[in-house]
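Q: Single-letter residue listing:
Protein chains: 2
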Amino acid sequence: MAKLKRIWLFREGNVNMRDELGGKGANLAEMTKIGLPVPAGFTITTMTCNEYTDLGGQLPSGFMSEIKTALADVEKDMGKKLGDPINPLLVSVRSGAKFSMPGMMDTVLNLGLNDVTVKALIKETGNARFVYDSYRRFLMMLCDVAFSKPDNKLAKHDFEVIFSDLKKKLGVKIDTDVDADGLKELVDLYKVHIKKELGRDFPQDVFEQLQISIEAVFRSWNNDRAKIYRQREKISDSLGTAVNIQAMVFGNMGQDCGTGVAFTRDPAAGHNQVFGEYLMDAQGEDVVAGVRTPMPISKLETQNPKIYKEFTDICEKLEKHYREVQDIEFTIEHGVLYILQCRTAKRTGPAAVKIAVDMVHEGLININTAISRISPDQLDQCLHAIIAPGTKYTVLAKGLPAGPGAATGIAIFDAHRAAELGKGGKGQKVLLVRADTSPDDLKGILASEGVLTERGGMTSHAALVARGFGIPTVAGCSAIRVDAKNRQFTIGNKVIKEGEFISINGTLGEVIEGEVAVVDPEMTGEFGELMKWTDKVRRLNIRTNADTPEDVALAVKFGAEGIGLCRTEHMFFATERRPIVQAMIMSETDAERQVQLDKLLAFQRKDFVQIFKALNGLPATIRLIDPPLHEFLPNLEDLIEEVATLKAKGKSDPVKEEMLAKVRSMHEVNPMMGLRGCRLSIVFPQIVEMQTRAIIEGAIESKKAGVEALPEIMVPLVGHVNELKWIRERLEKTAKEIVKKSGQTIDYKIGTMIEIPRAALTADQIAQHAEFFSFGTNDLTQMTFGYSRDDSDRFLKPYIEEKILPGDPFESIDQDGVGQLIEIAVKKGRSVRPKLKVGICGEHGGEPASIAYCHRIGLDYVSCSPYRVPIARLAAAQANLPDTSASKDK
Amino acid sequence: MAKLKRIWLFREGNVNMRDELGGKGANLAEMTKIGLPVPAGFTITTMTCNEYTDLGGQLPSGFMSEIKTALADVEKDMGKKLGDPINPLLVSVRSGAKFSMPGMMDTVLNLGLNDVTVKALIKETGNARFVYDSYRRFLMMLCDVAFSKPDNKLAKHDFEVIFSDLKKKLGVKIDTDVDADGLKELVDLYKVHIKKELGRDFPQDVFEQLQISIEAVFRSWNNDRAKIYRQREKISDSLGTAVNIQAMVFGNMGQDCGTGVAFTRDPAAGHNQVFGEYLMDAQGEDVVAGVRTPMPISKLETQNPKIYKEFTDICEKLEKHYREVQDIEFTIEHGVLYILQCRTAKRTGPAAVKIAVDMVHEGLININTAISRISPDQLDQCLHAIIAPGTKYTVLAKGLPAGPGAATGIAIFDAHRAAELGKGGKGQKVLLVRADTSPDDLKGILASEGVLTERGGMTSHAALVARGFGIPTVAGCSAIRVDAKNRQFTIGNKVIKEGEFISINGTLGEVIEGEVAVVDPEMTGEFGELMKWTDKVRRLNIRTNADTPEDVALAVKFGAEGIGLCRTEHMFFATERRPIVQAMIMSETDAERQVQLDKLLAFQRKDFVQIFKALNGLPATIRLIDPPLHEFLPNLEDLIEEVATLKAKGKSDPVKEEMLAKVRSMHEVNPMMGLRGCRLSIVFPQIVEMQTRAIIEGAIESKKAGVEALPEIMVPLVGHVNELKWIRERLEKTAKEIVKKSGQTIDYKIGTMIEIPRAALTADQIAQHAEFFSFGTNDLTQMTFGYSRDDSDRFLKPYIEEKILPGDPFESIDQDGVGQLIEIAVKKGRSVRPKLKVGICGEHGGEPASIAYCHRIGLDYVSCSPYRVPIARLAAAQANLPDTSASKDK
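From first to last, the protein sequence lines stand for chains A and B.
Per the working numbering, the first sequence starts with residue 11, numbered consecutively.
Per the working numbering, the second sequence starts with residue 11, numbered consecutively.
Treat the hints loosely; a few may be bogus.
All copies of an identical chain are treated as equivalent in the list; a pair is satisfied when it fits inside any one copy or across any two copies.
To be verified - Cut-off 27 Å, straight-line C-alpha distance, at most; resulting in silico cross-link-like pairs (DSSO-like, lysine-lysine):
1) Lys205 <-> Lys546
2) Lys807 <-> Lys735
3) Lys244 <-> Lys735
4) Lys657 <-> Lys672
5) Lys433 <-> Lys495
6) Lys616 <-> Lys504
7) Lys402 <-> Lys309
8) Lys714 <-> Lys813
9) Lys327 <-> Lys713
10) Lys507 <-> Lys408
11) Lys714 <-> Lys159
FYI, nobody ran anything at the bench for these hints, they're computed from the structure.
All values reported here derive from a predicted model rather than from experimental measurement.
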């Protein structure tokens with residue numbers, strides 16, 4: 011085997027080497043290749059990170075000498091040497107995985123400083139304050155990433171405390187008021203502190219510094235926040251991170267220096283204009299950490315038109331080169347512009363849509379690429395969360411519009427508590443309010459409806475993360491004062507305590523009083539255009555799961571091409587109908603039962619007429635009654651309690667007691683696997699006959715009113731072909747009689763849900779009696795795993811945490827197991843009925859990975875809730891794109 | 011296509027034509043072929059019956075002229091003609107299906123009698139009484155089978171009433187006291203009655219009589235009792251019945267005439283001696299209907315030594331020819347012996363075993379044939395029901411030992427009520443007590459523990475049926491008087507009313523006072539010999555499902571080769587342990603939980619030591635805890651009621667309330683699919699660690715005591731390979747530590763149950779971490795069908811009645827559906843681990859058809875309850891017999 015090349019100089023690599031060099035490294039190489047002003051450096055491959063992990067946290071033997079060789083090249087390029095007592099080189103050591111994980115892993119800057127090089131650098135720059143500032147930052151950073159542990163005091167925070175104490179002692183308030191001597195004293199204090207905590211001196215050997223930093227970055231791949239991020243983003247843990255070692259340039263050497271972050275287009279709204287922030291006399295971390303509120307990039311045009319021009323030219327060059335919006339870090343060192351990194355820009359959903367559509371119009375990309383660039387989650391952001399039009403609300407303050415969308419929730423002041431109470435926790439609506447956020451807050455941010463911060467810019471890490479996940483965010487709202495300790499914040503005189511409602515509009519940066527109504531947006535403009543493109547590209551049809559005329563109308567507006575699942579029993583729950591249903595269930599004789607069913611018939615027929623009209627000629631798959639009848643009766647436990655209480659008090663209620671007896675007699679140990687679905691239809695055939703009558707008579711009435719109805723009657727929970735045969739015979743008899751009597755022709759079909767494993771296994775038998783199959787993947791997942799959805803939380807959570815399962819199988823189809831049954835059923839079904847129509851109507855029908863899977867195995871359609879219809883259209887189109895290499899292979 | 015041959019003369023066919031000619035027809039042909047004195051006749055094929063049914067109850071066109079041709083042959087043979095006014099032929103028309111269904115279908119005798127032939131026959135025989143008796147029987151019988159309907163009075167019973175009335179009028183008590191004139195009057199009364207009820211005269215045309223009779227027999231294939239019988243015996247409804255038309259000979263023409271039924275060996279105990287009954291001056295139906303109590307065949311030797319010798323020679327010839335015990339009907343007409351039919355004799359289980367073993371010793375059959383001849387149900391009879399040795403009991407009366415085995419139950423006087431209350435109904439122990447039984451009583455007999463009749467012989471239909479199904483029966487007990495109307499019977503002065511306990515010993519014909527203890531028999535003699543043969547023949551290993559040392563010892567005595575399923579949680583239910591288990595469940599912390607687990611450890615370790623000792627070196631598959639923990643806590647509904655009652659009374663019970671809160675918090679909607687099996691082991695790893703410790707420490711202790719232990723630790727309810735990996739890692743760690751510390755070597759294995767569909771589908775992944783698979787077909791059936799066993803009765807019963815399912819899938823493996831998953835799992839499992847040990851431990855493991863299936867698909871073993879072990883041994887041997895054509899292809 012050829013020797014593994016673990017280290018690539020920037021000039022050796024290119025943008026296609028993301029697997030080996032990570033996103034940042036590949037881009038640095040590419041930028042170097044296309045002639046941008048990139049400081050020299052090299053990249054250690056992601057495989058080396060895995061080697062390090064596999065060796066139990068050891069660098070491969072001989073690795074540091076490989077580093078020295080590469081370093082020599084950089085030293086030659088820069089004309090400086092690491093650790094040189096005369097002309098020392100400083101370098102940065104940065105993580106860089108294949109997929110961007112902003113702020114999740116560690117970085118070390120100013121590496122190469124020690125007591126010797128500090129002196130050389132002072133001599134060279136004549137700026138002792140800058141050098142000691144760099145040195146104290148380096149001491150702190152290296153300790154924080156490499157040595158900090160729960161049982162020592164070497165975290166960044168511990169060093170900040172020492173700095174604060176010193177500032178108090180010196181009588182100054184802000185960092186920049188501390189002069190060179192002060193910083194020199196701080197460096198000494200840091201060194202003493204390090205020796206005390208670490209049991210040794212801070213390493214003065216620059217190569218040791220380098221090795222320590224590289225190992226720390228490797229280790230940071232597996233820190234908790236990185237793991238959580240990857241789990242959320244479905245990034246494989248096995249990829250590893252690359253490490254980029256690059257000559258330092260400084261934005262904090264004075265007022266002719268600066269640093270910034272910019273996007274080639276507006277990542278929030280998508281407008282085609284350079285968008286970013288910078289700070290003069292600062293290091294990059296000052297901008298991204300959100301501690302100081304930076305200047306908008308447009309100010310640079312007045313402050314330094316030459317640099318501004320140079321920078322915007324580079325932006326244009328980069329966007330043309332990558333045909334994609336770039337997120338760029340830059341530094342100005344004594345008036346010279348350096349590009350430190352570029353990467354594909356994260357953006358909001360609306361921005362993603364606008365940018366993709368704009369780029370097609372600009373000729374930069376084609377329609378397929380545009381479609382491939384929108385993630386379903388981004389599209390989802392376009393569909394959710396605006397304040398209900400016409401709502402009157404009070405804006406208490408304004409901050410930066412860091413994440414679009416409106417959100418409302420109870421104010422919570424720490425991420426841990428937000429995670430506990432919010433989404434994925436107790437399910438309360440939580441709005442996270444923080445002075446500033448840090449990457450450690452990730453879990454809490456994900457659990458929140460929205461995020462509000464006192465400090466931090468549009469590009470602060472937390473804002474970026476929140477935006478990436480479509481969480482409405484208002485950042486840098488300096489009008490508020492957050493008092494996390496006392497669990498409250500103030501706006502002027504107004505105090506908002508933990509648990510009180512607060513709202514934000516992330517699109518406008520507004521902080522809003524109390525709770526407001528939040529509604530979904532219209533689908534117009536670029537959004538509408540993109541959606542039309544997806545319809546051209548996709549092969550899968552998209553239907554909707556809807557039980558009311560209103561839902562049907564909404565889904566059709568969203569592009570649904572029919573109903574995939576209309577749950578007829580939902581129509582039984584309405585207030586005026588439930589007593590009739592109960593009376594039907596309590597009936598002792600068929601005749602009594604029929605009286606009640608006749609009443610229900612009138613309701614259901616009307617429902618169907620309205621649904622057919624809302625569909626306006628689109629097909630409707632209507633499922634016959636499915637849930638156990640006891641679901642329509644009062645709760646058994648409540649009844650037991652009521653009756654026992656009455657009895658103990660010497661009272662009696664014959665109606666209650668009769669109901670209790672009935673509910674007891676119908677009680678099931680495992681109702682999910684009991685008398686429901688087609689089993690009900692066989693034990694109580696009158697119900698199905700009523701439903702068939704309602705459907706067919708409804709279709710006739712709709713047709714008479716000028717709207718063609720295409721009912722597809724679906725028999726649920728079939729496990730044996732004879733169930734379907736038995737019911738089909740009775741359905742057809744009823745239907746034919748009604749149709750014949752009406753003198754009309756009604757084009758109806760009869761099919762079945764495939765949701766019992768046995769049905770999938772014997773689909774060849776079943777397909778002989780079914781014109782269509784619809785996979786009920788909720789139940790199919792329940793039965794295939796033996797998981798009751800009502801009870802599985804208690805073990806599914808630990809299962810996912812312990813990585814026993816890759817994810818919740820009720821969210822995304824388990825292709826390995828449940829998928830096998832689906833594929834068996836499709837193959838067997840079509841073996842006897844080649845034109846069998848096959849779709850899916852479980853909740854997986856609206857989940858992109860499942861939709862892609864349904865496309866791949868050749869289903870005809872997916873059906874999902876109305877609000878998921880646009881996402882399904884997009885996912886179906888993405889699944890059918892000719893070049894699938896464009897999709898992320900996480 | 012060649013013209014279908016619908017009619018076969020007896021001399022044209024042979025015994026291999028059972029498909030076409032039915033059992034009786036094929037035997038009549040065979041007997042004719044080997045030269046026995048069989049009256050001439052022909053057989054209409056079973057296919058013609060199906061044609062008749064398919065034509066909607068119409069004979070194929072031209073069929074009656076085919077009949078005439080065949081009849082001409084018979085007429086030539088007998089020198090008589092049907093309907094001839096001078097020398098008339100009379101024929102019988104009998105059903106005869108491929109598999110014997112005694113008394114289930116219709117028969118017409120004396121066909122060919124009319125007002126004209128009656129006169130000819132009187133002239134010919136000079137016996138007017140016999141002729142009118144035959145005529146009145148024929149009138150009654152043809153009306154009963156062909157014309158009787160619920161809305162007329164043409165059933166046998168209606169004619170009996172007329173006869174009774176006449177006897178009263180004539181002042182006589184028994185039939186034989188009515189003279190020729192009386193019977194002539196009766197014939198006239200019958201004809202008037204028939205005209206009134208039927209609206210026409212009784213058909214005088216003999217060919218019309220013949221056609222009516224043939225059609226009636228065809229129709230009787232689908233009467234209710236025939237259907238029930240076929241369902242019980244698993245005979246296909248599509249076979250149809252043949253019809254045998256045969257010249258009549260008469261046993262009722264005087265004292266030199268007679269008729270009888272005999273077996274070539276004793277069908278109750280299996281002794282090698284001709285066994286049967288006969289009546290002089292009687293027709294066959296008098297013997298089999300059980301109205302007159304017949305004479306034992308041995309009496310014939312004294313009464314007519316020549317005929318007796320001739321008959322026993324025929325018996326020997328037949329047994330040698332068929333190499334099987336024969337059930338023979340014979341008639342003596344004026345001193346001439348005729349054989350009317352022979353067929354393989356039904357027999358009791360003990361008789362079947364004795365006969366098969368004897369025949370091997372006699373050189374008539376080989377071991378394989380002997381094994382193939384014992385049905386698992388017959389073997390089952392050898393295993394059940396004797397009165398507990400040493401029991402003192404009072405014999406109230408003695409009858410015929412018609413069905414061996416002891417039974418005890420409440421006296422019930424009609425079959426309908428027995429069916430309602432007994433097995434398959436409310437599940438009470440019922441003893442059916444009848445004056446005599448009729449084929450209509452079948453359902454009630456099957457529901458009873460035993461049957462007691464006042465009248466009827468050993469070969470009465472009902473006794474035969476009861477014996478065939480292993481139901482202990484005492485028949486013809488003339489000491490009792492059954493008063494069905496008043497629901498009681500008397501023995502002397504003793505009155506036993508409905509609902510009072512009564513017992514019988516069918517082996518000795520004893521009627522026993524009250525309830526007695528009934529126990530299972532020893533396994534010795536022929537039984538033991540047969541069992542040894544099965545062990546030589548079978549390939550499958552047989553294990554047992556046992557949780558206690560007692561059960562293990564019993565199973566080993568029955569031939570079990572190890573434990574296939576030891577359910578460890580059953581050990582938690584004992585009185586002294588349950589509070590500890592409850593305390594363990596109520597624990598708030600891991601430490602609290604551990605305290606309780608340590609207590610349980612001591613118990614479980616002791617259990618395992620005892621089990622290993624009882625196994626004496628045989629392997630033991632031990633399943634880790636499986637049921638949801640709330641099964642160990644009090645019932646939720648009871649608690650709700652108790653607490654509500656207390657509260658309503660203003661009292662409070664903090665312990666109860668805490669328990670209620672805990673039970674509520676652990677309550678599951680579908681516990682079958684909830685936190686149980688390996689899910690428990692992952693959420694509460696301490697429990698499994700305790701169990702592993704108990705198993706391994708128990709094995710060490712057993713080994714130290716000199717008994718090798720071979721534990722196979724089984725992880726239940728695995729659905730994803732990672733579950734098994736996760737648990738296996740922890741198990742092995744615990745086990746290795748203990749083994750290492752002990753200084754012993756313990757040969758243990760770790761494997762899994764396959765009971766979740768997903769496990770079967772991903773068995774290739776799972777087998778990489780499992781040394782064995784055991785199919786938990788109970789749960790696998792539940793999940794594959796989506797049937798909760800606890801709740802499925804409500805629809806499984808109608809499903810089986812409506813033939814939606816061929817049978818209860820919890821009884822016999824559903825090979826079409828569940829079987830597919832099993833086969834997938836075996837194939838995939840062995841693809842990665844060729845030596846994977848695969849067995850089955852669901853209740854199907856003791857069911858013969860399922861065992862044959864397990865053999866066929868290559869499993870290594872089946873495991874069943876101790877009492878099923880011998881049956882499993884037999885079924886496994888039968889499955890491995892080289893020539894499977896010997897098995898019934900019902």
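Q: Which of the listed hints are not met by the structure?
A: 1, 6, 7, 8, 9, 11
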